[in-house]
Amino acid sequence: MAEGTGRAEEATWLARLERERSARKTAERLLETKARELFLRNRELAEAAATLETRVAERTAELQTALAAADAAVKARLAFLAMVSHELRTPLNSILGGLGLVQETRLDAESCRHLALVRGSADALLRLIDDILDLARMESGAVAVEPSVFDGRSLLVDAVESLRPAAVAKGLALDLRCEGLEQPWLSSDAGRIRQVLLNLVSNALKFTEDGGVLVVARLQSQPQEASFSDDSPPEAVPGQAAGQVLEVTVTDTGPGLSEADLARLFQPFVRAGKAGRDRLTGTGLGLAISQRIIETLGGTIGLDSVPGQGTTFRFHIPVAPASAPAPEPALPLQAGVARTGRLLVVDDIATNSLVAAAHLRRAGHEVDVATSGEEALEAAGLKAYDIIFMDLLMPGMDGLEATVLLRQQPGPKPRILGLTASVLGEVRQDCRRVGMDDVLAKPITGPMLLAATERWLARPAEPALIPPAVPASVPPAAPALVPPAAPVTPAATAPPPSPGPGSPRPGP
Amino acid sequence: MKGIVFTEFLEMVEETHSIDRVDSIIAEAAPPHGGAYTAVGTYPAQEMGALVGALARQSGTPAPELLRSFGTHIFGRFSTLYPGFFTGVTDTFDFLERIESVIHIEVLKLYPDAELPTVLAERTGPGRLRVTYRSPRCMADFAEGLIEGAAAHFGDDITIARSLPRGAAAPELVFSLARAE
Chain A
1 MAEGTGRAEE ATWLARLERE RSARKTAERL LETKARELFL RNRELAEAAA
51 TLETRVAERT AELQTALAAA DAAVKARLAF LAMVSHELRT PLNSILGGLG
101 LVQETRLDAE SCRHLALVRG SADALLRLID DILDLARMES GAVAVEPSVF
151 DGRSLLVDAV ESLRPAAVAK GLALDLRCEG LEQPWLSSDA GRIRQVLLNL
201 VSNALKFTED GGVLVVARLQ SQPQEASFSD DSPPEAVPGQ AAGQVLEVTV
251 TDTGPGLSEA DLARLFQPFV RAGKAGRDRL TGTGLGLAIS QRIIETLGGT
301 IGLDSVPGQG TTFRFHIPVA PASAPAPEPA LPLQAGVART GRLLVVDDIA
351 TNSLVAAAHL RRAGHEVDVA TSGEEALEAA GLKAYDIIFM DLLMPGMDGL
401 EATVLLRQQP GPKPRILGLT ASVLGEVRQD CRRVGMDDVL AKPITGPMLL
451 AATERWLARP AEPALIPPAV PASVPPAAPA LVPPAAPVTP AATAPPPSPG
501 PGSPRPGP
Chain B
1001 MKGIVFTEFL EMVEETHSID RVDSIIAEAA PPHGGAYTAV GTYPAQEMGA
1051 LVGALARQSG TPAPELLRSF GTHIFGRFST LYPGFFTGVT DTFDFLERIE
1101 SVIHIEVLKL YPDAELPTVL AERTGPGRLR VTYRSPRCMA DFAEGLIEGA
1151 AAHFGDDITI ARSLPRGAAA PELVFSLARA E
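For the record, the sequence lines run as chains A and B.
Mapped onto my numbering, the consecutive letters of the first sequence carry residue numbers 1 to 508.
Mapped onto my numbering, the consecutive letters of the second sequence carry residue numbers 1001 to 1181.
None of these hints come from the bench; they were simulated from the model.
These figures come from a predicted structure and were not determined experimentally.
Honestly, I wouldn't trust all of these hints.
Unchecked claim - What follows is a list of derived Cβ distance ranges for each label pair:
#1 1084/B / 68/A: 47 to 57 Å
#2 1109/B / 10/A: 42 to 52 Å
#3 1155/B / 31/A: 34 to 44 Å
For each residue, glycine too, the CB sits at the ideal point set by N, CA and C.
Isolated chain B, as found in the complex (with noise of 0.2 Å):
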């Protein structure tokens, strides 16, 4: 998992919690290098499986909900420190239909090593958009939350709902995107 992740969730911890708590969180986690995460680094998915669980424990907030709130908080700074990936993009199906074809293409450009999950988004109806979500490291909450931060971004009022499609592998997920009238 990229650096840039671990970084930025520690951040969050700082801005919501304390540094006290990243202090913690880290000696619970205990990850060999002592929590020395930079954003250009590469670093094992169950290290923020590991933190989170710290998180969750220490705080008493459920896993899954921290997940989808790190989600929604780093779309924000995705916003901010890619904003080339938003220019031209009106709304959160647009964004979302451009995840697989334009975004994952150029982080690969930089990072060829990066594991990427796979995102295919297909409109299903007027103001409907299915999301398949695939990825080995099962973080559909984190997922989730970045959708609904791509909604507050553009402003979209969107209801999501989560499902497993019959007979799908274990790690693929689909979100149903329904935009309110």
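Bound-form chain A, shown alone (with noise of 0.2 Å):
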């Protein structure tokens, strides 16, 4: 009996050992099937990140594929905007030298009036090119804020009296208020700041028969309400004193604008008033590349129209107030000395070296010419020259590698003025670097390079001049490119600012 018992007890627990082994084998079954769907998942999921990363390395690279295209398309339409910038200036500068010259000879009345009409048109023809070149740039985003400090004052008052002339012609009152600028001195772009008042004060002057243009500028610490829906003063800028804030105005009483006129004013190329019916001339850019120029210095740009009452164009631009340069030192001029020298002109065009070499003649100066950077040295090895007027390009040796080489001799150093036809900036500082001292701006005229030569003729030699640091490689040529309105030097022959032949910036 307690066999049996014994037998059935035993049977029992082999039971429910039996049904734990089964239990832990199934148990022991699924976790292998989980561990290997989890092997399996985790296998797809390094597949996919690899693919993932290839991909992302895939257009990684096909990003800096594309960037690296528009950025050789910046580059090339900027390199295309300079050779074209030479190409047309360099006959003009021609033109406009040998009309120079001619109009200073014996003329009659007759020749005279038709010599001032070619004059307007290549004045005009200038100043279309100049304005193309300028919005181009600032499309391109090639234009850079170039602070300075400057007396906002003078600035105001230069560039409103550069253009009293025209108003007087037209009979038109011209007046400019002051309010706030008693510490006139500021920090900011000058050149761009000046070129936004000629294009507004000329453009009013153009659109503006009777009555006249008022200015007033104001230095606000805080900025005031602007009355204009669209225009309101601009946030502080960073690095900036908050709160310092120039605004302009600009009120005429012409014609006034229509809803149409306002709406697509600041388009490049759109002019109010109907096309092909207007008296008035002019590209439309002006007011596209003021509105550009203020955007690119932070600023904002409105105006207020009435038709048949007038119009107020208004800017507000940061600036920060700064204190006054120190003065330059003192130049000691030469007194009782004569001011002619011994200059030379390189030039590969023959009309150029032609118009440049009779101006500084009639001043008295003695004058040779040549046409190459080769020739430059050799007449240079020949005489001591006062002062160097070089082109920059030039086939052969071109400007700056002359330079460099003129520098490298022993002996008195004559003063070095590059002469350039382009008007995109790189090469500035290019020049500086091969040792010249200045660079002018085509097209020269003759009051540039007589006021040129007057001021580096007045500096005293400097027979020590460090030898400039000589690249290793001498930078192209290519398009001398330079802004007329930021010479070398502060001092330097910068163009009057008015928007004639000298200045090639601004115009309506």
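The two chains are supplied separately, each in an independent frame; assemble them into the complex guided by the hints.
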């Protein structure tokens, strides 16, 4: 009996053992399945990650290629602009120079009138080229802000006064009021602010037949509420004193603008009035350029206009108050010494050399001419020149390379002033690096040449002029592009801020 | 139904009755695998019904009462096995509110094929919680036991009233919980 009970118990426990063993095996099988699923899932994820990384790398490469292509396109566009600038300005330089020479000769009244017409057309052509190139540069993002410390009041007065002859010719009043500019020193891009002022004021004069133009400038420590719906004072610009804003309004008593004109006013090549039936001239680029300049400077522009009553343009530009710059050390003028010198004009375009030499000779200077860098070196080896006017772009040895070699020659160091027909401003640093003293932007006018000559002859010679650092490779002289409003030295021959032929930037 | 429910049920029977009772209810229910349940497996819910039915018949305790007791028991086991679900939980209401939004989500991460009931908790007033329970397996007694287990775990004195909402689908039930003042 006991043995039977024992066997029964044993069988029960064996059954339980078998049940537990079966459960364990089931669990192990399930876990194996789960582990395999996890392994496969992990492998899929790893493959997906690898694929993703490959795709990211491919996409990154594509984007880099596209970026490089876009960059190359921008550079190509700028190079094209530089070439166009040079190619257009070079003959124009000859035309304007030749006209200047002819105008200085004895002419009868009729010839004078004809010549004035030609001169006016040449000036207009120059302004057109400048405007188109300026706008293209801005739209390429090639315009950098060039901040400097300047006298805001003087800038305003100079700009307005440069347009007074135009106002007087039309019998218009032209007034300027400055408020809050008792301490006039400011920091911003003076050249660009001047350009905007000239654009707006010359525009106002052009469209006004009766009455006049009033320019009001205010330096505001706190931005005032603007009266224009689409124009409000700009936010403070980082790095500048908070709330310092130069507000300028240009109010005319012209015909005003219609709603349709207002809507498209800042578009390039758009002028107020009906196309083709307007007797006014101009490309319609002035306002588009002004707007882009102001935006580049972190400012805003807007206008109010009442048809039949007039228009008020208003712009705000953030500026930083500045201390008056230290005066340049006074240059000892060589009193009693006749301000004539030995000059060398280097240019491969014969007309340019001819015109420049004629202007300089009339002023009593001794002038030689060379047509290449090689000839310039040879001439400088034979004669000690006071000033060498050096064209940058010449076949064979260009102006930069010639300057490097001239600076390596022993003996007296002549002043070397670069001449360039381009307006894109990268070459200025190259000029400075190779040792040029200044750069003059073509078209070179007689007054520009003479002023530069007088200025540099007045400076004492620098017998121990330190040779410039010569770059490992001389930068290409291709289109030497220097904005005329930004000379190498602040005191250099900046062209007058008028929209005339000496200043390529402004233009209505 | 997840295997852990079966293994915990059989362990409870072994503790509260005997290992022989475990053998006998398995023998009566006669699942195809011979009762070799594992916590990581998945089994038909009908097998649980057969086991509970067998235990009811053999012990003389009604099946609903057995299920409620099992619910209370398994809540205690859960708190031991899965302490992470209780982190930051302060009371019964808080826990019940997290079942759908936290606990079930975590369960589904481990067992994507788990068929979970829907447990929606809604505060209806101070000290009051309305819990709507939906499950095709109709284990309302088990759910009530779980709520009681939660109250015991958190030391809450809670009364539970069960009702069928009007117009509700058949497998839906409402537990109205009231905390004692």
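Quick rundown of the hints versus the structure:
1. 1084/B / 68/A: 47 to 57 Å: The hinted range 47 to 57 Å holds for residue 1084/B and residue 68/A, with Cβ atoms some 53 Å apart.
2. 1109/B / 10/A: 42 to 52 Å: Holds, since residue 1109/B and residue 10/A (Cβ atoms, about 44 Å apart) stay within the stated range.
3. 1155/B / 31/A: 34 to 44 Å: holds, 37 Å
Going through the hint list in order, the structure satisfies each hint without exception.
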